[in-house]
Structure formats: C-alpha cells, structure tokens
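Q: Assemble chain R onto chain E, guided by the hints.
Going line by line, the protein sequences match chains E and R. Residue 1 is where the first sequence starts when you use this note's numbering, and the numbers rise one by one after that. Residue 1 is where the second sequence starts when you use this note's numbering, and the numbers rise one by one after that.
The set of hints was computed from the structure by calculation and includes no laboratory data. Model, not experiment: these values are computed from the prediction.
The calculated DSSO-like cross-link candidates involving lysine-lysine, where the alpha carbons are at most 30 Å apart (straight line), are:
no.	chain 1	residue 1	chain 2	residue 2
1	E	77	R	158
2	R	154	E	57
3	E	108	R	162
4	R	17	E	53
5	E	108	R	154
6	R	154	E	111
7	E	57	E	101
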Amino acid sequence: MGIKNWFGGGAKQDPGQKPGQPGHPKAGRKEENYTIDDLIVLERYDEAVEHLKSKIKLNPNDLHMHLKLAEAYIGLKQYDRAVDEFGYVAEEYAQDGFYEKGIALLSKAQKLAPMDQSLRFRIERIQREKSMENVRAIALEGLRQAGGEKASTSAVELKRLWHYLATSSVVQHLNGDQIKRLFSSMELVRADKDAILAEEGSRESFLLLIVNGVVEAYFHQEGGKEMTMRTYTSGDIIGEGPLLERGAWPAHFRAQEPVVALKLTREGLEKTLVGNPDPRNFLEVLREQHNDRDLAATLRRLRTA
Amino acid sequence: MAILPIRIYPDPVLRVKCRDVTEFDEKLRRTAADMVQTMHAAPGVGLAAPQVGFDFRLAVIDLSVGEDPQQLYVIVNPEVAAREGAETAEEGCLSLPGITDKVERPTLVTVKAQDLQGKPVEIRAEGWLARAFCHEIDHLNGVLFTDHLRGLRKERVKRQLKRLAAEQEVTA
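Here chain E stands alone, though its shape is the one from the complex (with noise of 0.2 Å):
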C-alpha cells in the first residue's frame, strides 16, 4: 500500500458514519467555519456571494475573489452578473499583460452570454492588444524614460499606461523604433481634477498625448459663463497647433477628472526629430487627429453665430 494511502485517501468509509454524529459532548454543535470554496461545494451559493462581497470589498484588486465570485453567480444562474466579473478580470489580466488569461475568461462569459456582441469586440481587442506585443515592449521602454521611473511608475503601472495607450492612432501608425523615439521624449504628467492644462491664447509650446483620464474644453461666453465644448480621452492629442504650427491654445482645457497624459515640449519634439529616418510621417501622425484645428474652427463658428 503507497504512504498516500496511510493518510486515508483510498479508503471509503462506512456509510453508517454520519455527519454531525456526535463523539464528544461539543462535538454535534453546529459550527459554520466553511471556506467559501467549501460553500460554493455545497451549492450554498447565497452565502458564497456575501463573502465574497465582503472580501473584495476590503481588497477590489483580489482577482481570484472576483473570479469566485463569477462561480457562486454560475451557481445561482446569474449570468449577466458573472459575465460582469469575467470581464473586469479579463481586462486586468490583458492591462497586466496576460491576454491570454484574458481572452480564455472572456471566452467563457460568451458561453454564458451567446448574444453579447461586446464580448467578442472586448476579444478582438485583446487579440489586437497581443499582437502587438513587439511594439509593447519597446513601447514600454520609451514609457519608462518618459519620466517613469523619476514619477516612481511601477513596472506593472507602466503596463496599464500602455494597454490605455494600444489602440490610439499614434501608436497604430507609428512603427516600434518611432513609438520609443517619441515617448522618450515626452514627459509623464498627472494632473488633479479640475486642474488646468492649457489657458486660451496661450502660445506654451507643448503637445498632450492624453493616457488615461478626461480632459474638457471650454471658452467663457459672454457674461462669463463656461461653455463645454469637447472632451478628450485615451489616445487623444491636444496642443499639435501650438506645438507644431506654432500657434495659440484655442480653448480651456481641464482636467474633467485625474489624467495622466504624455507632454511633449519643444526641447523634445527636437530630440525627436534629430536622426529620424521618416519626420514626414512622424510630425503627420502627430497632427492628423487635427484637434486643435477643428475646436478652433467650431469657436470660430460659435463666436460669429
């Protein structure tokens, strides 16, 4: 007989042995000190979910817990809600690098939510995002001269920079070698909500890639009162006119909420340029959102209405 065996796990016991059976006179009381694996086994899914609320409550970044808790919702036959949870671990497993997790959890939650078009646009994301995985890591290294390390960004936090970063057109018409050379020179900057970026008629020579976060533009009418004009987000750039034509900020812009932003100056669009084998295409990827050009032209229209 192997030693695992000793330890009891070929042996069946006798059926007559019942639970709660008492062998001491504390023994039969009933005591409720189940793990919550042990509650999802016994299909005491109810039960499951409040622990686990609670839990993730102390810690929302618990992965594992929001992934049980995904099981306990299957337990219950609340798909909706278990796609939920599939879906936030999905998208912190892809910002962390690990698509393939990512795309394996959000493959399941398709299974429970067949209709769910999302689902399979959130899947091909994340396969764009893994394919570009070359670009990611020389993309990772020009974030972290961005100022990263000085702005003491953690490996894992430069990760999430990029995942907001993947998809916005700097980066899809940018190859590798230019994505480096232009985050190297930018600077990483975080503002507070309500913070200022740039004032009207300013001629401050700097451009913001926006990360993460929500940027508003807006003019004073007459009388004073704020007029809200356009937002910005992930992937927008703001600031080309007056960086590369030399031109005037042509609204407010305002931190709608934490940003974090890419700024590139003067000093660096030169560092840019100084052995750049395409400038052509560079300095053309950096204008063609033209943001600054159709918010000007649209104050313009405002102003003469």
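A: Coordinates of chain R only, in the frame set by chain E:
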C-alpha cells in the same frame, strides 16, 4: 479503548480552529488512546482531533501504522515552529475518502508541542513525517489538504468534494 467514527467532509467540525488543551487528565489520555486505535483501524498514518469530532489541539501520528511503537507520536497543542525546504507529494485524508492530490509541504519541520503529561516537547521531522505533522496541524487549524491546491487541481478537487458532499447527504 474504542474506535471512533471518523468525520467526513463536509462535516463542519473539520473547519473548526481548535482550542488549546489545558487539562492533561485521564480523559485526555483515554481520548488519545481511542484516536490511536481509530487511526490504526482505518488504517491511517495520522489523525487529528477534529476528524473524530473533538475541537481541541490533539493529534496522533504513526508512519508504521502500529508496526513500530517507536514511531508513534501523540502531540498536544502542536505548532510548526520552523520549516525548511519544499517538496511535492501525493496526499490523502481519512476525512476526504477517495480524494488524493499532490501537495507542496516543507521538507523539514520543527514542531513544538506538549506530551500527554503537559511536558513541552520539540520534534524535528523530515520527509513523510514532516508532511504528516503539517497535515495534522493543518487539521487543528481547520485547514484541509485540498485548500493548498490551486488552478486546475483545485477545480478538479472541487468536483470531487461536491460528489463527496452529495454522498454524505444521502447517507445522513
């Protein structure tokens, strides 16, 4: 001496964090003797008090399964004081019949405990003995060997536990 009924998963007593033994009396010695007899009859190489329905820190271990009295350990209030190394091997449990899986445990442990008279003892154990001590001390903390599994192994064992729980419901 008597053979005690072994508690099977999902008996709640298996999840109890056991209290310290404070009275080293005849009753404790009788219970220990019953546990040794139960372990040998099972047959098993280790048995912790919750596995026979008690909620105090007592465990018995005998890798020889009654063949060699020198190998019998009766430990009261044990704690793993030090651990070294790690090795993976297949384990089972009298309270989880039919379930075995690979578990990583320390290669070497130092266990501090008391004997049946309450005298402090220190045991240095290696290999299978170290594994048995860790397994039984886990029981005293309400931990089962399946709790150490992760990933696919965890998923597989969950299905096995589900079946076992269903069987217990039928026999209850």
